Structure formats: C-alpha cells, structure tokens
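Number of protein chains: 4
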Amino acid sequence: MAEPNYRELRHTYGFDEVAIVPGDVTINPDQTDISFSIGKNTFQIPIIASAMDGVTDPAFAIHMSKAGGLAVLNLEGVQTRYDDAAAILKQIADAPQNEVTALMQKAYAEPIREDLITKRIREIKDGGAVCAVSVAPMNTKRFAEIIVDAGADILVVAATVTSAKHLSKSAHGLVFEELVKQLPIPIVVGNCVSYSACISLMRTGVAGVLIGVGPGAACTSREVLGIGVPQITATMDCALARDDYFKESGRYVPIITDGGFRKGGDVCKAIAAGADAVMLGSVFAQAEGSPGYGYHWGMANPHAALPRGTRIKVGITGTLEQILFGPTSLTHGTQNFVGALQNCMGVCGAATIADFHKTEIVVAPSIITEGKFYQMSKPTC
Amino acid sequence: MAEPNYRELRHTYGFDEVAIVPGDVTINPDQTDISFSIGKNTFQIPIIASAMDGVTDPAFAIHMSKAGGLAVLNLEGVQTRYDDAAAILKQIADAPQNEVTALMQKAYAEPIREDLITKRIREIKDGGAVCAVSVAPMNTKRFAEIIVDAGADILVVAATVTSAKHLSKSAHGLVFEELVKQLPIPIVVGNCVSYSACISLMRTGVAGVLIGVGPGAACTSREVLGIGVPQITATMDCALARDDYFKESGRYVPIITDGGFRKGGDVCKAIAAGADAVMLGSVFAQAEGSPGYGYHWGMANPHAALPRGTRIKVGITGTLEQILFGPTSLTHGTQNFVGALQNCMGVCGAATIADFHKTEIVVAPSIITEGKFYQMSKPTC
Amino acid sequence: MAEPNYRELRHTYGFDEVAIVPGDVTINPDQTDISFSIGKNTFQIPIIASAMDGVTDPAFAIHMSKAGGLAVLNLEGVQTRYDDAAAILKQIADAPQNEVTALMQKAYAEPIREDLITKRIREIKDGGAVCAVSVAPMNTKRFAEIIVDAGADILVVAATVTSAKHLSKSAHGLVFEELVKQLPIPIVVGNCVSYSACISLMRTGVAGVLIGVGPGAACTSREVLGIGVPQITATMDCALARDDYFKESGRYVPIITDGGFRKGGDVCKAIAAGADAVMLGSVFAQAEGSPGYGYHWGMANPHAALPRGTRIKVGITGTLEQILFGPTSLTHGTQNFVGALQNCMGVCGAATIADFHKTEIVVAPSIITEGKFYQMSKPTC
Amino acid sequence: MAEPNYRELRHTYGFDEVAIVPGDVTINPDQTDISFSIGKNTFQIPIIASAMDGVTDPAFAIHMSKAGGLAVLNLEGVQTRYDDAAAILKQIADAPQNEVTALMQKAYAEPIREDLITKRIREIKDGGAVCAVSVAPMNTKRFAEIIVDAGADILVVAATVTSAKHLSKSAHGLVFEELVKQLPIPIVVGNCVSYSACISLMRTGVAGVLIGVGPGAACTSREVLGIGVPQITATMDCALARDDYFKESGRYVPIITDGGFRKGGDVCKAIAAGADAVMLGSVFAQAEGSPGYGYHWGMANPHAALPRGTRIKVGITGTLEQILFGPTSLTHGTQNFVGALQNCMGVCGAATIADFHKTEIVVAPSIITEGKFYQMSKPTC
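Protein chains in written order, with this note's numbering: chain A, 62 to 442; chain B, 62 to 442; chain C, 62 to 442; chain D, 62 to 442.
No lab work stands behind these hints: they were computed from the structure.
One should not assume that every hint holds.
Since the list can't tell identical chains apart, any single copy or any two copies may satisfy a pair.
Claimed, not checked - Below are the DSBU-like pairs computed for lysine-lysine, each with C-alpha atoms no more than 30 Å apart in a straight line:
no. : residue 1 : residue 2
1   : K230      : K419
2   : K230      : K127
3   : K242      : K419
4   : K151      : K230
5   : K101      : K374
Here the structure is a predicted model, which is why all the values come from computation and not from measurement.
Produce the entire structure from the sequences given, and follow the hints as far as they go.
Encoded structure:
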C-alpha cells in the first residue's frame with residue numbers, strides 16, 4: 062500500500078524557544094534609533110501599554126505619553142462604566158481569588174456610559190498626551206463618532222480575534238473599509254496571528270495591526286478554545302504580510318506584537334522577529350501608580366458565559382521610568398526595557414528597527430538548553 | 062563506508078503540542094451547526110460520555126441524551142453484574158487507594174447477568190433516551206442478540222485495541238462483516254489509532270470508529286505495554302482514512318476521538334484535527350449525579366493479571382448543563398465545552414464541523430512555548 | 062556570502078520518546094512465541110538479569126534460569142573477592158549514602174580470587190542452571206581458561222564501551238577473533254551503541270552483542286564522560302547492523318538491549334525497535350531474595366579514580382515470578398513483564414519476536430504529550 | 062493563494078541536548094594527548110580558568126599554570142581597583158543576596174589603578190606562571206602598553222559580544238588589525254558565537270577566539286537582551302570558521318568555548334564539537350583557595366544601568382588538583398575533568414584533540430530522554 066498522504070503541521074515558536082544571534086558588526090547603543098509611528102504620530106520608544114483596566118487609566122496614559130511611548134485606554138472597562146472607577150478597581154484588587162471572577166462578571170455587567178467615554182478622552186487630552194482608546198468590533202460603530210468628537214488621536218479596534226470579514230446575523234456589521242474612510246483618525250486593528258488574516262486586515266486600509274492570540278499559559282484562550290499561535294512565529298508571519306503588503310501597495314502598516322512579554326529579552330526577540338512595536342500589559346501593571354493596585358487581569362476574564370484568564374498579583378516593583386529606562390538593581394530583565402533593546406540592537410549592529418528586523422534568530426529552547434544546573438554555572442556575560 | 066539505511070520514525074502530536082490558527086473570516090458562534098450523526102441517529106452536540114462505570118449509568122445516559130448528546134453504558138461493568146450497582150460503586154469510591162485495585166479485581170470477577178443487560182437497556186429506553194451500550198469483542202457474539210432484543214439503538218464494540226482481523230485459537234471468532242449484516246442497529250468499533258487499522262475497520266461496514274489508544278500518562282497502556290499514539294496525530298490519520306474510505310465507497314463513517322480530554326480547547330483541537338465527535342470520561346465523572354461519587358477509573362483497571370490505570374478522585378464540579386453549556390465562573394476551560402467549541406469555530410470562520418476540519422493546526426508545544434513566567438504575563442485574550 | 066557548510070547532528074530517541082503503533086491485525090497473547098537463543102542455548106523468555114552485584118548471585122542465577130530466562134554473574138564483583146560475599150553486600154546496603162562510594166572503592170580494591178571464580182560457576186551449574194558469567198576485556202585473557210574449565214556456558218565480555226579494536230601500550234591485548242576461536246563457548250560482547258561498532262564486533266565472530274551506553278540520567282556516563290546514545294536509537298541502529306551482517310554472513314547474531322528499563326512498556330519498545338532480548342538490572346534488584354538487600358549500584362561506581370553511578374534504594378516489591386509473569390495489583394507496568402510483552406505483541410499482531418521487529422514505532426515524547434492534567438483524564442484502556 | 066515565503070529558523074543545541082557516540086576503535090586513556098597552544102605558549106591541558114573575580118587572583122593563576130593549564134586575570138575587577146582586594150571580595154561574599162548587586166555596583170565604581178595592573182601582572186610572573194590578563198575592548202588601547210610593559214604573556218580582549226568592527230561616536234576606536242601589529246604578545250578576543258563573526262575576528266590576526274554568549278539561564282543575557290546561541294552549536298559553527306580560515310590562510314587559530322560548563326561531560330562535548338580548549342568559571346570557584354570564598358558572580362553583574370547575572374553560592378568542594386585530575390568519590394562528573402576527557406577520548410578512539418573533533422555527536426536531549434524514573438534504573442556503566 063502506498064503511504065497515506067498524512068497531514069503535516071507547521072512548527073511554531075514562542076519567546077522562550079528562540080534567541081538572537083549577535084552580529085558581525087556592533088554599534089554603540091546610544092547610536093540606535095528606536096522610534097516608531099502610527100499614522101502621523103511618532104513615538105520615541107516602540108512600547109505601548111495595553112488597554113487593560115489594571116494597566117491604563119487616564120493618569121497612566123498621560124505618564125506614558127510623556128515618557129515617549131503610548132498607552133491605550135479600554136473604553137469597555139470600568140473607566141466608562143463608573144464615575145469612580147478607582148473604587149471598583151480597589152474592590153477587584155481586594156476580592157478573594159475564588160470570588161473575583163464572579164465579582165468581575167457582575168462589575169462589568171454595568172452599562173457603558175457615553176458621557177464617560179467623552180470624559181476619559183478629555184482627561185487624557187487635557188494632560189497633553191496622545192490619546193489612544195480601544196473598543197471591541199461589535200461596539201465600534203456605536204461609539205466611533207463620540208470617540209472622534211471627544212478628540213481621541215488613535216482608535217484601536219480589538220478582540221481576541223478580529224478578521225477583515227465577519228459573518229453574523231445582523232443586517233449590517235462593521236466593515237473596516239467603511240470605517241477607515243469615515244473616521245479622520247488612524248485605526249489600529251487586532252488581534253490576528255496569521256499571514257493571510259494580517260494582510261487581509263491591512264488591505265482594508267487600517268493604520269496598524271495588533272499581533273497575538275493566546276500567547277501563553279495564563280492566557281486561557283489556548284486552554285478554553287484551543288486557539289493561539291506562539292508570538293515569535295505570529296510576529297514573523299505577520300511581518301512578512303506587512304512587507305508583502307508594502308510591496309503591493311507602497312503603504313507601510315506597522316505591526317504591534319501584543320502579549321506574553323515578561324522580560325527585556327522578549328521585547329528584543331519580538332522586534333528582531335519583525336515587530337515595529339510591542340504592547341505590554343503585566344509589565345506596566347507593576348509600575349507605581351498603575352490603576353490595578355498591583356493586580357492585573359484580562360478583559361475576557363469578566364466574560365459572562367465563557368470567562369478566560371485570571372486576576373494575577375503582580376506587585377508594585379518600581380516607577381514607570383525605571384521599568385522603561387532604568388537604572389536598576391534587578392538582574393533578570395524586568396526593568397530597563399529600553400536599555401535592553403538598545404543594548405541588544407548594539408550587539409547586533411542594528412541602527413534602526415528596520416535594520417534589526419534583519420537580525421538572525423535561532424531556535425534555542427530555554428527549557429531544554431538551560432538545565433537547572435546552569436543555575437550554578439555562568440553568572441558572567 | 063556508505064551511510065547505513067537508518068530506520069526513521071514519524072513524529073506524532075498530542076493535545077498539548079498543537080494549537081488552532083484563527084481564520085481570515087470569522088462568524089458568530091450562534092451561527093455554527095455542531096450536529097453529528099451515527100447511522101440514522103442525529104445528535105445536537107458532538108459529545109459522547111464514555112462507557113465507564115464512574116461516568117455512565119442509566120440515569121446519566123437519559124440525562125445526557127436529553128441534553129443533546131449521547132452516553133454509552135458499559136455492559137461489562139458493575140451495572141450488569143449487580144442488582145444494586147450503586148452499592149458496589151460506593152464501595153469502590155470509599156476504598157483506600159492502595160486496596161482499590163484488588164477490590165476492583167474482586168468486584169469485576171462477579172459474572173455478567175443477561176437479565177441485567179436487558180434491564181439496564183430498558184431503563185434507558187424507558188427514560189426516552191437514545192440507548193448506546195458497549196461490549197468487548199470477545200463477548201459480542203454472546204450478547205448481541207440480547208442487546209438488540211432489549212431495544213438498544215447503537216452497539217459499541219470496544220477494547221484497548223480492536224482490529225478488523227483477530228487471530229485466535231478459537232474456532233470461530235468475531236467477524237465484523239458478519240455482525241454488521243446480522244444486526245439491525247449501527248455498530249461503532251474501537252479503539253484504533255492508525256490509518257490502515259481504521260480504514261480496515263470501516264471496510265467491514267461499521268457505522269463509526271473510536272479513535273484513541275493510550276492517550277496520556279494516566280492511561281498506563283503506554284507504560285505497561287508501550288503502545289499508543291497521541292490523539293491529534295491519531296485523529297488526523299484516521300480522519301484521512303475516513304475521507305479516503307468515503308472516496309472509495311461513498312459512505313461517510315464518523316470517527317469519534319476517545320480519551321485524554323480535559324478542557325474545551327482539547328475538544329476544539331480534536332475536532333479541528335478531523336474528529337466528527339469526541340468521547341469524554343473524567344469530564345463527566347465530575348457532574349452532579351454521576352455514578353462514581355466523584356471518582357473515576359478505567360475498565361482495564363480491574364484486569365485480573367495485568368491491571369492498568371488507576372482510580373482517580375475527580376470531585377464534583379458542577380451540573381451536566383454547566384459542563385456542557387455554561388455559564389461558568391471557571392476560567393480554565395473545564396466547563397461550557399459546547400460554548401468553547403462554538404466560539405472556536407466562530408473565530409475560525411467554520412459554520413459546520415466539516416468546515417472546521419479544514420482549519421489550520423500548528424505545532425506549538427505548551428510545555429515549551431508557555432514557561433512558568435507566562436503565569437504572570439497575559440491574562441487577557 | 063554562501064551559507065557555511067554547517068555540521069548537522071542526527072536526532073536520537075529513548076524509551077520515553079517513542080510509542081508503539083498497534084497493528085491492523087491482532088492475535089491472542091497466548092499465541093505469541095517469545096523465545097530467544099544465544100548460540101545453542103534457547104531461553105523461553107527474552108529477559109536477562111544484569112551482571113551487577115545487587116542483582117545476580119549464584120542463587121538468583123539458578124532461580125532465573127528455572128524461570129526460563131538467564132542471569133549473568135559478574136566475576137569482578139564481590140562474589141569473587143570474598144568468601145562471604147553476602148556480608149559485604151550487607152555492609153554496602155547499610156552504609157550511609159555519603160560514605161557508600163568510598164566504602165565500595167575500598168571493598169572492590171580486594172583482589173579477585175581464581176578459586177572463587179571456579180566456586181561460583183560450580184554453584185550455578187550444580188543448581189541445574191545455564192551459567193553465564195561476565196568479565197571486563199582487560200581481564201578476559203587472564204580468566205578465560207578458568208571460566209571454561211569451571212563449566213560456564215556463556216562468557217560475557219563487557220565494559221562501558223567495548224570495540225572490536227582497542228589500542229593500548231600493552232604488547233598483546235585482547236583480540237576477539239582469537240578468543241572466539243580459542244573458547245568452546247559462545248561469547249557475548251558489549252557494550253556498544255552504533256551501527257559500525259556493532260557490525261565490527263559481529264565480524265569478530267561473537268555470539269551476541271550488548272547494546273547500551275549511558276542510557277539515562279542515573280547512569281552518570283552521560284554526565285561524567287558525555288557519551289551515550291538513547292536506547293531506542295541505539296537498538297534500531299544495531300538491529301540494522303545485525304540484519305546487514307546476517308545478509309553478508311548468513312549468521313544471525315542476537316542483540317541484547319542493556320540498561321534503562323523500568324516498565325513493561327520499555328521492554329516492548331526495545332524489542333519492537335529490534336532487540337532480540339533485554340537485560341534488566343534494577344527491576345530484578347527488587348525481587349525477593351535478590352542479593353542487594355533492596356539496594357542497587359553500578360559496576361563503575363567503585364571505580365578508583367572516576368566513579369560513576371550511585372547506589373539506589375529500590376526496595377523489595379515482589380517475587381521474581383510476579384515480576385516476570387504476574388499476576389499483579391500494580392498498575393504501572395513494574396510487574397508482569399512477560400505478560401506485557403505478550404499482550405503488546407498481541408495488539409501488534411506479532412506472533413514472534415522477528416515479526417515484532419516490523420512493528421511501527423513513532424516519536425511521541427511522553428514529557429510533551431502527557432501533561433500533568435492527563436493525570437485526571439483517561440484512566441481507561 | 063501561493064504559500065507565503067515563511068522565514069525559517071535554524072535549530073541550535075546546548076550541552077544537555079547532545080551526546081557523544083563512542084567509536085569503533087578504542088584507545089587507552091593514557092595514550093591520549095590533550096595539549097593545546099595559544100601562539101607559542103603550549104599548555105598540557107586544554108582548560109582555562111575565567112577572568113572572573115571569584116575565580117582568578119594572582120595566587121590562583123600561579124596554581125593553575127603549574128597544574129598545566131592557564132588562568133586569566135580580569136584587569137577590570139577588584140584586583141586593580143583595591144590594594145586589599147581580598148577584603149572587598151569578603152564583603153561581597155558576606156553580603157545578603159538582596160543587597161549584593163547594589164553593593165557590587167558601588168564596589169566596581171571605584172577607578173582602575175594603573176599601578177595595580179602592573180603589580181598584579183608582576184605577582185603572577187614572579188610566581189613562575191604564564192600570565193594572561195583580560196580587558197574590555199573599550200579599555201584596551203588605554204591599558205595595552207602598561208600590560209605589555211608589566212610582562213604579561215597573553216592579552217584577552219573580551220566583552221559580552223565583541224566584533225571585528227565596532228561603530229561608535231568616538232573618533233578612533235579599537236581596531237584589532239592595528240592592535241595585533243602593535244603588541245608583541247598574542248591576543249585572544251571574544252566573545253562571539255557565529256561563523257561569520259568568528260571568521261571576521263580571525264582575519265584581524267588574533268591568536269585565539271572565545272566562544273559563547275549567554276550560555277544558560279543563570280547568564281541573564283538571554284533574559285535581559287534576548288541574545289545567545291547554545292554552546293554546542295556556537296562551538297560547531299566557530300570550529301567551521303576556524304577550519305575554513307585555516308584553509309584560506311594557513312594559520313590555525315584555536316577557539317576556546319567559554320561558559321556554561323558544569324560537568325566533565327560538558328567539557329568532552331565542547332571539545333568533540335570542535336573546541337580547542339574550554340574556559341571554566343564556577344567549577345574553579347569551588348576550589349580550595351579560590352578568591353571568591355565559595356561565591357561566584359559575573360562581570361556584568363555590577364553593570365551600573367543594566368546589571369546581569371547573579372552572585373551564586375558554589376561552596377568549596379575540593380582542591381584544584383582533585384577538580385582537574387581526581388581521584389574523587391563524587392560520581393556526577395564535577396571532579397576529575399582531565400580524567401573524564403581522557404576517558405572519553407579513549408572510548409572514542411581519539412588520540413589527539415584534532416582526532417576528537419571528528420567524533421560523532423548526536424542530538425539526545427537529556428530532559429526528554431532521561432525521565433525521573435531513570436533515577437531508579439541504570440546505576441551501572
């Protein structure tokens with residue numbers, strides 16, 4: 062009998078499975094340019110804070126913007142459901158672990174108020190910051206005009222998975238081509254993880270794409286739904302889509318790898334893999350003054366019927382400036398993300414992010430190549 | 062010297078090693094059709110409860126049938142050996158761990174009573190349910206007529222491994238071709254894991270095939286006998302057999318992936334890999350009213366000479382409705398299996414199970430791609 | 062620049078990384094023939110006990126021979142250094158863990174007595190057993206005549222690594238071609254792990270080859286010397302050498318996979334991979350009446366300058382008959398090795414060991430495919 | 062749509078993922094020659110102690126040289142910043158773990174004194190030893206003349222990553238071609254991990270190259286910067302560069318694998334993979350009389366803005382002679398590194414290091430092939 066035509070599966074890779082190969086030429090870190098743009102907005106650092114309630118409130122968004130980055134405010138979280146959002150956030154932080162999902166399911170059942178959408182956007186703008194806000198695709202048409210009128214600079218339309226074409230029973234759903242034409246501000250869409258989904262989204266005219274579905278064990282999309290592509294492969298595939306789309310259209314649409322980051326090395330790997338910027342959640346939930354009181358949770362956690370993710374105690378580990386720029390006395394890469402990126406680009410000889418995209422990455426699974434005995438072996442480097 | 066002609070081994074994959082890639086088009090979960098058929102019996106949900114004593118008794122079979130699925134009653138377990146099966150089940154649940162295998166070896170040495178076969182089938186039918194029962198190949202000829210006479214709708218013939226052709230010293234063993242012609246009800250056979258074994262079974266005329274041998278560490282077939290193929294590869298290979306058999310015969314024989322499921326994501330992966338339905342054991346042993354009193358064990362556990370598997374405390378975690386349809390406050394995918402499947406099909410743009418079979422799966426080992434630090438990183442999605 | 066001509070490495074596999082695929086035809090276990098021969102000696106079961114002091118003494122060798130297998134007595138252990146070997150074995154068993162290597166280094170520094178070689182061989186022969194004894198290559202010429210004169214049936218010449226050609230400063234070392242011609246009894250040589258080393262040994266005329274160098278973490282050859290090939294690959298490669306040697310010479314030289322076995326499934330996998338028989342150490346150290354008093358250690362452990370391995374407490378878990386043939390109430394494959402092998406051959410449709418060599422093996426790493434949650438999932442099979 | 066042109070990643074390997082295959086011919090360990098040269102300096106053993114403050118001070122360098130190897134003194138550590146370096150080292154050893162990085166950041170902020178550079182070099186030379194010292198590239202031009210004048214034999218120019226061409230804002234940086242011509246002593250440069258970086262460095266005329274960036278989890282370059290290539294692949298790739306460079310130039314430039322070693326087997330693997338010598342840190346920090354008082358830390362640990370690595374308690378486990386040559390009662394390969402290398406070369410039939418470079422290595426991940434149960438299985442070998 063002939064060999065059956067067995068189905069073959071592609072291998073994919075996450076942060077812990079790859080490493081960056083240093084270059085043949087090196088440059089001084091202070092000679093690297095790590096700036097990044099969405100539409101006409103240029104940011105000094107390619108780091109964005111997530112639209113999560115434990116991470117971004119108006120105050121944090123202002124702080125982040127002044128530091129050279131960007132933070133996205135979630136317009137479907139507690140900030141737009143409660144006048145005193147901080148009080149609710151404190152309740153969530155104080156709840157026992159076994160009651161917190163039910164509490165959140167209840168707290169997020171409160172309706173979204175349009176006046177609070179306007180108010181939160183104004184707070185950010187009045188602080189002198191670039192204002193980016195996010196809504197889910199199903200709420201986009203309903204809130205788009207209010208958002209623009211309030212003065213937001215960037216609109217993020219995001220869900221666990223967002224596609225260029227969504228089939229539903231409703232007569233007239235969200236069509237990105239129309240939205241792009243209708244709104245005067247750049248639209249960033251996500252999340253997606255494959256070449257074809259990404260290039261389809263780019264062809265609708267959006268200004269940026271968020272990359273990442275279920276990157277990691279704590280994100281329970283992988284457990285609950287089985288979906289997800291590890292971040293390095295997702296980033297490489299979508300970077301290829303961006304480059305191919307640039308060839309066909311002449312328009313460069315940045316991709317932002319979103320989720321799963323813990324260390325400076327992860328940010329370096331994502332950008333070397335092709336990201337133009339990264340979006341971090343739990344890292345910023347650890348900053349002094351973050352709204353989550355040292356706790357962090359996902360926006361699918363309060364889902365009424367199929368909650369995913371968990372509230373996690375991340376603690377407060379330093380100021381936003383330390384996390385971004387150091388200096389630090391922590392030796393494991395959880396602070397000074399910008400310094401790490403510039404140092405890594407330096408040893409790879411990459412003067413810009415575009416250069417850094419050409420750096421070689423290799424498969425080097427840390428779980429296999431780094432046994433427990435290494436603990437004892439090479440503290441140098 | 063020329064390179065020797067080294068023997069090469071195929072790589073295989075289990076649930077934890079793969080992930081599903083979201084689609085370029087998405088659809089609303091409520092627009093998906095997840096129905097499934099065995100012969101002329103159509104079920105609203107493609108989920109079957111195992112023929113195991115801690116999972117299915119007549120009451121549970123009725124409950125499951127009404128919920129839109131199917132449960133299989135094991136005709137070689139305690140239900141057909143004891144009038145008061147519940148009393149024996151309680152003894153097993155109450156036994157200390159180090160005595161339970163010996164106790165079960167003794168309990169299952171009691172003879173199977175034909176009157177109880179009839180009684181149990183009648184109980185299920187009288188409850189208005191579709192009645193599926195299982196026997197081992199060696200007992201099939203002996204009990205087939207009684208089973209049919211009692212009114213069973215589906216006969217499952219299952220053992221650790223079942224083949225289309227079995228060689229033994231007995232003059233006239235079980236021949237599936239004959240059995241299929243002889244019985245007026247559909248016959249489901251299992252278990253098998255390879256393309257060739259599966260297509261051979263389908264050519265005998267059976268109405269369905271169970272897929273899965275030794276999926277997991279707790280199933281000690283892998284340790285005791287060394288046999289087993291991880292479930293994703295087994296499912297993909299047997300789905301290919303099903304499709305090739307359909308091309309050659311015009312007859313569509315569904316495959317049911319059996320064993321190793323813990324989470325909604327596992328069910329999504331098995332069906333995306335090609336299964337038409339899934340068979341779950343321990344998941345249902347956790348339902349309120351399940352016969353095992355919160356315990357679960359395999360039917361090879363009481364084997365007199367070569368016992369395999371262990372009794373496991375699974376606990377009672379919710380109602381059958383919660384497990385199948387939610388809503389739930391558990392965030393790790395152990396409840397709302399149907400919601401998970403429909404959501405996953407939605408983000409993959411699959412309107413039917415046949416569509417979902419075309420979804421891309423990638424290799425993404427969770428043990429490697431999801432390190433412990435992810436614990437802290439991305440609770441969103 | 063052209064891509065450099067990077068060095069490529071072959072992948073190799075151990076027991077835990079593979080699984081056996083059931084067959085399309087099955088046969089009853091009681092119809093399988095698992096006999097095995099070395100020279101003119103035929104054994105009912107293909108299982109040999111190691112030449113290790115915690116495993117084989119004359120009494121155990123007699124017991125094992127009567128059970129249908131074979132045990133090899135180490136002529137360089139305590140049995141030939143002490144009249145009262147049991148007293149020394151008790152001392153080793155009773156020593157604290159941190160003193161035992163030094164104690165063994167001292168105990169094994171006692172000279173080997175030729176009268177005790179003769180005495181131990183006679184004890185085995187007087188018990189009516191087939192007598193196999195082992196010596197290291199460096200001592201073979203010195204003891205060969207005494208061994209043959211004492212009546213041994215099989216001579217095993219073994220070291221961590223043994224090759225067909227050894228270069229040393231001594232004027233005239235051991236030459237297997239000469240030894241084979243000189244001795245009237247079959248010679249089994251080991252250990253080796255590669256195709257070329259194995260076929261070279263077979264070409265010297267030996268009657269069997271032991272396969273296995275450093276199979277596992279507890280064997281510290283891998284840590285101390287870096288050498289070793291996992292047992293499944295070593296067995297497959299040497300089985301190919303055996304088959305190719307058979308084609309070129311018409312002489313069938315059995316290979317015996319030696320070391321790393323813990324469960325019935327491991328034995329099944331080694332034989333499916335091509336072994337004619339297996340050699341087990343720690344499994345038999347657990348038998349009632351074994352000489353090690355429930356402890357087990359390697360023959361390289363007492364090495365004066367470069368000790369490897371450790372003394373391990375294995376405990377006494379059952380009789381030799383239970384370990385070999387069951388019945389058992391243990392469900393994890395550590396008893397009834399013969400039953401496991403026959404059951405596995407049954408589900409693979411293999412009537413003989415030669416048939417079983419054709420069975421498909423797949424790569425299915427248990428560490429990846431069997432997560433901790435499987436613990437809860439499929440106790441059946 | 063045509064398949065996108067997905068980016069492919071090379072697989073790489075570390076110590077724990079490979080094993081050495083024994084040879085078809087074996088030789089006596091005492092017939093192996095393991096000598097190694099840098100420029101005109103020949104060493105009896107291919108083992109070098111790292112330029113780390115917990116490892117090498119002048120006394121240790123003398124001791125190591127007399128034992129037949131080499132130790133490198135770090136000229137940017139405490140030895141050249143303090144008259145009484147031992148007092149500072151004691152402070153570091155005594156500091157609590159959570160204060161030690163800050164303490165070191167302060168201690169290493171003290172300026173380097175040129176008089177101490179001269180003094181330390183003279184101490185080593187006066188002890189009759191070969192004197193090797195290391196500086197970072199940025200300090201090389203400043204100190205080179207002093208180093209040569211003081212009588213050093215070998216200059217090591219090393220940083221986390223060093224390239225043949227470094228771009229900076231300074232008018233005139235370090236150019237290795239010029240340095241090589243200017244200095245009368247051999248220059249060893251590092252670290253690098255890729256074929257192209259290594260061959261570029263060799264083409265500058267240097268006398269040796271250090272291989273290794275971020276080998277292991279304790280080296281936090283992998284976590285902080287994401288960079289690193291596992292040591293076996295780095296060594297194989299750079300050995301190919303060495304061999305290709307030898308073909309093009311006729312000059313043989315030895316490569317020294319630096320970092321990640323814990324056991325004798327690791328040294329054997331690195332040399333079999335192509336290294337001419339190895340550089341060990343923590344192994345020697347465990348020797349009686351080492352300067353770190355049983356503690357060990359990396360030279361990037363005190364980095365002011367981006368500290369990497371941690372201070373590790375390694376303990377004092379034996380004399381330098383035991384670590385290098387045994388005898389030992391430790392069975393896990395942490396002593397008698399030279400005996401291990403010679404034994405391994407013996408079973409591989411390699412008379413010289415050049416021969417040993419031809420030995421086959423296979424991929425055999427210990428984390429997968431050696432499960433926890435092996436603990437119990439094969440203490441022999």
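Quick rundown of the hints versus the structure:
no., hint, in the structure
1, K230 - K419, "between (44 Å within a copy, 23 Å between copies)"
2, K230 - K127, "between (44 Å within a copy, 28 Å between copies)"
3, K242 - K419, "neither (34 Å within a copy, 34 Å between copies)"
4, K151 - K230, "neither (39 Å within a copy, 49 Å between copies)"
5, K101 - K374, "neither (37 Å within a copy, 53 Å between copies)"
Hints 3, 4 and 5, counting from the list given before, are not met by this structure.
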